Each structure stands twice: as C-alpha cells, then as structure tokens.
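Trainee: Next come the chains, spelled out residue by residue.
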Amino acid sequence: ENDSIPKQTVRYGSRGFQFSSADGKYQLNFGGRLQFRFATPSDQDPITYDDFFEQKQNLFKINRARLKVGGHAYQPWLKYYFEYELGASRLLDFRVMVEKWPWLSFKVGQWKSEYSRERVISSGNQQMMERSIINRPFTLDRQQGVTIYGRWDGGGLADFNYHLMVLTGAGIGARNNDDEKLMYSGRLQWNILGDGVAMSGSALTHYKRPVASLAWAGATNTSQYTRYSSQGGGQLVGFEGSNAGQYQIDQYLLESTLKYKSFSWHSEFHRKSIFDNQLLELTKLQGWFVQGGFILNPQAIDKKKPLLELASRYAFFQPNRALQRNNEEEISLAFNCFFSGHQNKLTADITHFDFEQKSVNREASGWRFRIQYDFSF
Amino acid sequence: ENDSIPKQTVRYGSRGFQFSSADGKYQLNFGGRLQFRFATPSDQDPITYDDFFEQKQNLFKINRARLKVGGHAYQPWLKYYFEYELGASRLLDFRVMVEKWPWLSFKVGQWKSEYSRERVISSGNQQMMERSIINRPFTLDRQQGVTIYGRWDGGGLADFNYHLMVLTGAGIGARNNDDEKLMYSGRLQWNILGDGVAMSGSALTHYKRPVASLAWAGATNTSQYTRYSSQGGGQLVGFEGSNAGQYQIDQYLLESTLKYKSFSWHSEFHRKSIFDNQLLELTKLQGWFVQGGFILNPQAIDKKKPLLELASRYAFFQPNRALQRNNEEEISLAFNCFFSGHQNKLTADITHFDFEQKSVNREASGWRFRIQYDFSF
Amino acid sequence: ENDSIPKQTVRYGSRGFQFSSADGKYQLNFGGRLQFRFATPSDQDPITYDDFFEQKQNLFKINRARLKVGGHAYQPWLKYYFEYELGASRLLDFRVMVEKWPWLSFKVGQWKSEYSRERVISSGNQQMMERSIINRPFTLDRQQGVTIYGRWDGGGLADFNYHLMVLTGAGIGARNNDDEKLMYSGRLQWNILGDGVAMSGSALTHYKRPVASLAWAGATNTSQYTRYSSQGGGQLVGFEGSNAGQYQIDQYLLESTLKYKSFSWHSEFHRKSIFDNQLLELTKLQGWFVQGGFILNPQAIDKKKPLLELASRYAFFQPNRALQRNNEEEISLAFNCFFSGHQNKLTADITHFDFEQKSVNREASGWRFRIQYDFSF
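Residue numbers (the working numbering), protein chains in the order written: chain X, 12 to 388; chain R, 12 to 388; chain U, 12 to 388.
Certain hints may be false.
If several chains are the same, the list does not tell them apart, and a pair holds so long as it fits within one copy or across any two.
Only pairs whose alpha carbons sit at most 27 Å apart, straight line, appear in this in silico DSS-like list of lysine-lysine [stated by the list, open to error]:
id, residue 1, residue 2
1, Lys-316, Lys-118
2, Lys-219, Lys-192
3, Lys-219, Lys-314
4, Lys-315, Lys-111
5, Lys-111, Lys-316
6, Lys-316, Lys-67
7, Lys-369, Lys-219
8, Lys-192, Lys-36
9, Lys-90, Lys-314
10, Lys-118, Lys-315
11, Lys-67, Lys-192
12, Lys-192, Lys-369
13, Lys-315, Lys-295
14, Lys-295, Lys-219
15, Lys-111, Lys-192
16, Lys-315, Lys-90
Rather than coming from a laboratory, the hints here were simulated on the basis of the structure. All values reported here derive from a predicted model rather than from experimental measurement.
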C-alpha cells in the first residue's frame, strides 16, 4: 500500500541540496561556497623584490564565491559537474565523466589537471589558508581536454590511482591553441598504506590506522606560456615571449602524504625546465615544500564539537638553478577552527617571506597576517 | 504509520522555490528577477549639462536580470544569500549572517551598506521606477566587510534598528584597498510608530494603524573615490584624482518614512563633504528628496485583484554648496500596476529634469518617458 | 486517507529537473548543457581569404556551457526562461511570456529573433555540428524587444505560425540604441503537412506521415551594424562604419523543411541589402543552403538503442551580387550518434570550404575535421 508514497527525492548532503529522480538515473546536486578574507599588509604572495615595498593595505574581500552543480544523468555512472566563480565571472570546471568501471574511467571538459596534490585539493579543503609559493611556477592548473583514469586495487601493496591526460595546454577558458602541439601529462599515485589519502587537507576524522600515498607526475607541453593560473596562461618572472610554440616545457614532481591519528603530512618536490625555442635558452626551476598539522582537541570529533588545528608549512623555490644563491622562502603558521569540518571554518595565518637575490646582491623579507572564513552550503 | 511519509520539502514562497531538509537545519531558496524597460529619449538620468543634448533614442533593454540564492545551513540561524546580476555578469551580494539573537547579529561578505533607505530597498521593491538623482552622489552602495546589527525593542517608543559597519570602502568587487584606512559607517533607525517600516516601497497592504521610522546614518572613509555605484568606486563630476587616499569623505543623512492606510511617504536629506588631500580643497554637497504615493483601488487588496498606485517624487541636488545657484532638480510621476505585488508589476513614469548652472550662466531641462515590467519568480 | 501524501513535486524531464508547487501555479526547470569539441586545423569557418593560411591548430574546447532555468509563476500561462552562457559569462535569453491563448501570445525580454530556422534551432538540437556559412551574414541573432506570436490552426491547410517583433536592433546585451529607429521583423510559417516541423534537427522519431513547413520572414533596421552574433552587433567584411544609423538594412528569407520516415530536409534562401547612408552605397548579398540526413538504424528507435545518422549540407554565399564571380562554398558531411536523442550525442564532421574571389583573381580552399560531444542534464 505504501508503494504509492513518493521516494524522498530531496535531501541535504556534503555537496549541497541533492535532488534525485525516483528511478535513480538522474541526480542533481546544488551547492555554493563563500570564502571571505581580511589581510594586511596585502593578500598576494610577493612575486618580485619590489612587491615587498608596495603600499600597505588593510583589506576585506570575497576571495572566492563558487556555485557548484553536479550529478548524473541517463545512467548513474554518467556524471557531470560544473563550478562557476561568481566573483570573477569565470567558468572553472565543466566536465562529463564516464565512471562505469573503477579501473577505467573517462572524462572530457575543463578541470584541474591531476598533477600536484596541492593544486588538486579544493581551496575549500585546504589545511593552510592558501597554496604555497611554489604552486605558481609549477601548477598546470585547469586545462581543457580528455583523460583516462582509474584506480587499480590488486590487494595489499598493489593499489594505484592513475591519470593519463591529453590537454590543449592553452590554459583555462582558451578557445584556441597556439599550434598543433598538445599538452600531455600523467600521474601515478601509489596507495602504500590503507586506502591512500583523499584529496583533502587535515585529519578531520581519527585515523586509527595510517593512510599514506606516494605520487609521481610529469608533463610536457609546447606553447607560448611558461605558467598557468586560474586566469589562464601567463609568464613567469623573466619570460616575456608571446610567439606560438616558443616555450618547450618539461616537468615532474614527487609527492608524499600521510594521515595518522590526528596528524597529517604533505610534501611535494618539483622540477621544471623551460626551453626558449627563439632565444635557445634553457632555464631550470626547482621547488619543494613540507607541511604538517594536528588536531588540538581530537576528543571533540565524537562530540561533534568544533575542531581546532595547528598547522605549518615551509616552502623553498629556486627560479633558476644556475643561480643557486637566488631563492625564495615561505614559512607559514595556520590555526583552523572547524565548526562543521571544511564546510564551515575559520582560519588565521601568519606568514614570513624571505627573498634572496644574491646574483644582484639584494634581499627582502616581510610578514603577512590574514583571517579567513570559509562557508559552504 | 504515516510517520514514514516524507515531509513536504519543496514549496514556492516569496523568495522563489524553497527546499528544506527534514530536520529544518538546511534550507535553499532559488529565485530570479527580470526587469525589462522601454525608454525615450534615453534611460539614464542626466549627469552633466551636455547630457541634455545627446542623440535621442528609443530603446528596449533588460535592465536587471537577477539570480537569487539564499537559505541557511548547519543551523536555522546561520544564513547565506547571494545575488548575481546575469546581464552584467557581476556578483552583487554574497554574505553569511549569524542571526541567533534579534538584538545582536553578525554579517560578513559583500552587500548593500545599510546607509540610505532609498538604496537599501531592492530595485524590485521600489515605489518609483528608479532611485532619485541624489542616489548617485550620496550612496555607499555595495561594499565588502563586516557588520554588527540588530533590533532592540524595549517596548513602546524604545524600538530601534542599528547597524555598525567596517568596510573596505573600495566598492563592489574590489580585491584590494588603496591604503590602510577602512570605511566606517553606522545607522540608527527609530521605529516611532508600530513596528517601523520595512525596506520596501508602496503601501501594498492596508495599514489600519500607521507605521513610521526616523533614521540617522553617517559614514567616513579615505580612498581614491568620491562616489560608489554597482560598478564599483568612481568619481563625481569635477573630481579626477586617482591617488591612494586622495579623498577624505564624511557624510550623514536624515530619513523619514511612514505608511498609513493606502498612503506611503519617504524622505531623505543628505550632506557630504569631500576633502582633497592633494589639492587641499573642500567641497560640500547637499541633496534631498520627498516622495509619496497612494493606492487608487485599496478595496482590491482583499479581492486579490491588481492594485493601482499613483506616486510622485521631488528631488533637489546641490553639487557644491559654495555655488548656491547651481542645482539639479527632478520631478517624477509614476503609475504602478501591481499584478502580484512587487513580484509582478508594470510601471510607467514621466520625469522632468532641470539643471541650473548659474555660475557659468547656463541651464537645461528635459523630459523622459519610460515603461517597465518587473517579474520575479 | 492518502490525501495527506504530498504530490510528487520533483521529477526529471526534457528540460532538466522540474519542481512544481502543489497547486500547479509555479514550476521551475533547472538544466544545463556542455558542448565539448576537438577541431583541426581550426574551428571557425573562414571569413576572409587570409583565414585559409593561418597557423594550424589542434584544439580542445568547451564550445558551449549553458545554464537553463525556466518555468512559470502566478499562473500556468505566465512563463519565464533564462539561459546563461557560463563559458563566456553572457546572458543569452531572459524572457517572460504570456501564453494564455495559443493564437495570441506575448513575449518581452531578450531571445533569438524568430527569423531563420537555422538560427532558431538550439545549438544542442542541430543536425549538423554547427550552422552554415550563411548564418553569419544573415542572422538577426538575439535582440531585446517585444513580440506578438501564435499559431492559427483553421483546419486542413489553414495552419500557420506567426511572429511580429519590435526590437532594439542593437544586438544581444545592448543597453542603448544608436537612434530613435527600431528593428521590425516578421515571420510566417505555413504548416502544409501535418503539424508542421518543430524547431529541432534530425528525424529522431519515425514519421509515418510526412510533416512539412514553408516559411517567409523579413526584417528592416537602421543602425550602425551590418551583422549580429552572440557577441552583439558587428560588421561584415568590407563594412567599417560606426556612426549612428549609418546602415539601412532590408532582408528576407524563404525556408522549407520536411521530415518523413527517418529522413529530414531543411533549406533556406536569403537576400539582404545594405545601404550606407554616409557613402550612399548599396550592397546586395545572397545566400542559400540545402541540408538533409537520415537515420541509418531506424529500428533502434523502438529498442531505445543509440541512433546513428548521416547528414550533409551544401551552402553558397555571394557577399556582393554585383561581383557575381566572388562566392563562398561549404560542403559538410556529418555523422551523429544519438545516445539519448539530442540530449547526449556524439558528432563528427568533415567540411570543405572553397572561396573564389575572381574580382581580385584569387581563390582558396581547405578541409576541416571536428569531433563533438554534446551533453544536457
């Protein structure tokens, strides 16, 4: 008799409100996120020596304002997702995924290339307030293209996630490519302990047994760009070319991550070479960071009380390995208060930057303080 | 037995479709608004003498196209709201509010500063078709920051709404501030009769007993701007600076509003001083308007028939009180047909503008006619 | 007793998830679409002779990323619809329609002018991958304005659809008109067989009896533009004016369309004259195309299996009828695989372009290959 009662088709979940058709073939998730920040004396990481001597500011800003819509249609395994940055009016993600088999999935569209863990972790799920200074020179950021990916779990130590990507390599939102050459990238993650580590910072549940992953990734591309960001392709300091196919870029990374009890760890080591096909110059870059944190009151997890976390990071960047004494350092300390996990949290951080440019005999350093509120619905 | 029947979690309300979780902790409202306008010989208010002699136009336009999403998450008192202008692709509002206690609430994000009633009333809830000529020079418009606010109802005459705001003062969408100085603003509204007057124009219900409010508000800021609009910070006519902290601005307003039977009243008086820190010049501006209207067929309220309203406004602006004979006047007559209150209405207006610039011995005047359809879903 | 069970108010339909109020007066449809494309050696149709000699590319791109929201409010016949292009951050449609009587409907807002069938068919419902080379010079594209329209079915052959439009003629998103002159356009479609042909390509159901329509349409406008696109008003090759009311444009089209069994047909013939009020020059343009296709496996319709279609188009354009030997040709072959009709489909096409500019004694031709995936949710 109760068969005529409609199924509960509206519920709230971790991706916002969720609507499902009665047959389970269609689903729509609708959510959003606000990231609101106060910063002084400025918010951006310094890029050049002169940045240390800019006008000091006190500023509030909506740093991120996201609309997120995803779900599946026609089949439970035919999934879609788009994310739109409302503040900058920019389409970030729009992808369709065929996830019928865990070990062999397909994706088309635009999304964050699965290269470095630091970049792939959503800005709403970070342990520190923001990514490190080495994200800017090494990230592939978002690209348009196709990928094959999956997880191969052969039992025991034989547990891997892989991604093989063919991308335009022209950056987010590009409607053209500079030439006939595409970007190719791959990532292999070995889940050495447990189920591996999900793409989210901080140890917000109590990990009785450790989970850990190691990853290797590489990429090659020929284009007019030397770096990518959420604003598309651009140039690193010292590069000013704009010709199709001017820069041949090859890069790789090594990454480790671990969560155990209330402690979490994450490190990355990056190398990248840029060959200028016009000036016939080769530049080699290197950078790395280590980062860790622990929950101060793990007993609050069971009580569903706010969690407090202390975390820290050290990052080091060499813009040109031929000039060994030129380098950039970041030391950050962050304090998180998770009211409802990453969905509703307050973060304060203090950072010290130190730039040494001994090749031109100068150095600069400075402090920054920020407070951030991050709210998802 | 019927306990297993799911709660009705989808309904249509004044904020569009509303989705609620069964436990009441989560709610999502989804709505939108279209404002479509015909205008001749132009739509914008004249700003300068030359504007009276521009090419005449007949124009249709989507004047506003809004997407509105709000609700609460985690707790009924933890609220969010964003509003996006689809036509201009601009994020207008994105704010999170802690409204646990009526007398002490908190808000972070970007929203219309609670300064003048004319600006705070949504463009969809206005009595006249558009705000007056004095909105441009005096509004703080939308800013990013934090605020404490609430209503203190001590019984009888002791009934106040207050807002204390700390804002960047760099205008909507700003990602930086020019200097270390922030904008500070406050508003105190005294609800002298009844419950005070809500932030919406026209008397769309029959007010057996009068409701009335008086308000004072003030603001101070140092920045490179002399005015704000929905396009961010900008300059009033006669100001051309662009240096950080060039303009020190202090301003205040007095405001009255009343609704009784089918009549509604609204007035504002503004003063503002602009001190140019570079040229060491002080300019004082003054403006005011009075506005009133009444429902022509109040008996239609009970019959749920369309309501007709006639309303009028007179506004007066002195761009520089040192030049007493230079002033700008607006006289408007508006006719509203409310099919479903402010949610679905047709408005026609006719306006006469009169600019006197006796310091340079010239004047100009002109008429404007417009029709507007405003539809919310 | 079961009256207390709430009505099913959430369902998935052809317009995405659909939410309805219990009284049927309110409805909201929420959907989206991704169109993802690979192209080589470029995606755009050539416009000039030089375009044939551009840098070759291999490119992936999100060609279209649409958010679609529609429904009705207050009454079942008071409808609204908006469509937003997320990739370009551009409001495409926002319209309100009064559709109380089939023979007399009203619409205000911005939408695709009902001029040519090729343009009115959504980019997600096309038979070929993209519109023909003659769409660019002849389309009115989207405009803002008002229209009266309807279908008059007098029985037998007396079956017509009509549209009478008054538009600003300043293109999508315009906030001003250049002068006092508006654009006027009309379309009359005669449904000579059956119910006429809906605005969607390909014969995706089996048409036992043929359906066919003939249409005439015309438009006149005076503005600073000689063409329109989804980016607004612009100029055809050879026109460079920018003065208000510089170009007087008059144009008309003849159109035929037919679907029978698994075959579909569509043709258009266009003429347009452009009079330059400054240079006092008259230019006459002409273009036409024919297009047809058939389902290769019509037996799959009943089995709900993917449908395969082969389709082809020939298009011919004369930019200036006074230079008879200058013309542009397109021949396209497209292969469609419809997984779920137009909602989820894969398309491959190959196109040959041939430009003859015998007045300057040169010609150029080239091939293009593309693959596209189109997914609606």
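Trainee: All the hints need checking, so say for each whether the structure fits it.
Mentor: Okay, the hints, checked on the actual structure:
1. For the homomeric pair Lys-316 and Lys-118, the shortest alpha-carbon distance between copies (22 Å) is at most 27 Å, but the shortest distance inside one copy (38 Å) is not.
2. In this assembly of identical chains, the alpha carbons of Lys-219 and Lys-192 never lie at most 27 Å apart, being 48 Å within a copy and 49 Å across copies at closest.
3. Taking identical chains as interchangeable, the C-alpha atoms of Lys-219 and Lys-314 lie at most 27 Å apart only when both belong to the same chain, with a minimum of 17 Å there against 52 Å between chains.
4. Taking CA atoms no more than 27 Å apart as the test, Lys-315 paired with Lys-111 passes between copies only; the shortest distance there is 20 Å, against 35 Å inside one copy.
5. Taking the closest pair of Cα atoms, Lys-111 and Lys-316 come within 27 Å of each other only across two copies (18 Å); inside a single copy the shortest separation is 38 Å, beyond that limit.
6. Neither within a single protomer nor between protomers do Lys-316 and Lys-67 lie at most 27 Å apart by alpha-carbon distance, with minima of 38 Å and 59 Å respectively.
7. In this assembly of identical chains, the alpha carbons of Lys-369 and Lys-219 never lie at most 27 Å apart, being 47 Å within a copy and 80 Å across copies at closest.
8. In this assembly of identical chains, Lys-192 and Lys-36 lie within 27 Å of each other by CA distance neither inside one copy nor across copies; the values are 39 Å within and 52 Å between.
9. With identical chains, the CA atoms of Lys-90 and Lys-314 are at most 27 Å apart between copies only, with a shortest distance of 24 Å across copies and 35 Å within one.
10. Taking identical chains as interchangeable, the C-alpha atoms of Lys-118 and Lys-315 lie at most 27 Å apart only when they sit on different chains, with a minimum of 24 Å there against 36 Å within one chain.
11. With identical chains, the CA atoms of Lys-67 and Lys-192 are at most 27 Å apart between copies only, with a shortest distance of 10 Å across copies and 43 Å within one.
12. In the homo-oligomer, the alpha carbons of Lys-192 and Lys-369 never lie at most 27 Å apart, since the shortest distance is 38 Å inside one protomer and 35 Å across protomers.
13. In this assembly of identical chains, Lys-315 and Lys-295 lie within 27 Å of each other by CA distance neither inside one copy nor across copies; the values are 48 Å within and 56 Å between.
14. Within a single copy, Lys-295 and Lys-219 get their C-alpha atoms no closer than 42 Å, and across copies no closer than 68 Å, so neither meets the 27 Å cut-off.
15. In this assembly of identical chains, Lys-111 and Lys-192 lie within 27 Å of each other by CA distance neither inside one copy nor across copies; the values are 31 Å within and 56 Å between.
16. When the C-alpha separation of Lys-315 and Lys-90 is checked against a cutoff of 27 Å, the pair qualifies only between copies, where the shortest distance is 20 Å, while the shortest distance within a copy is 32 Å.
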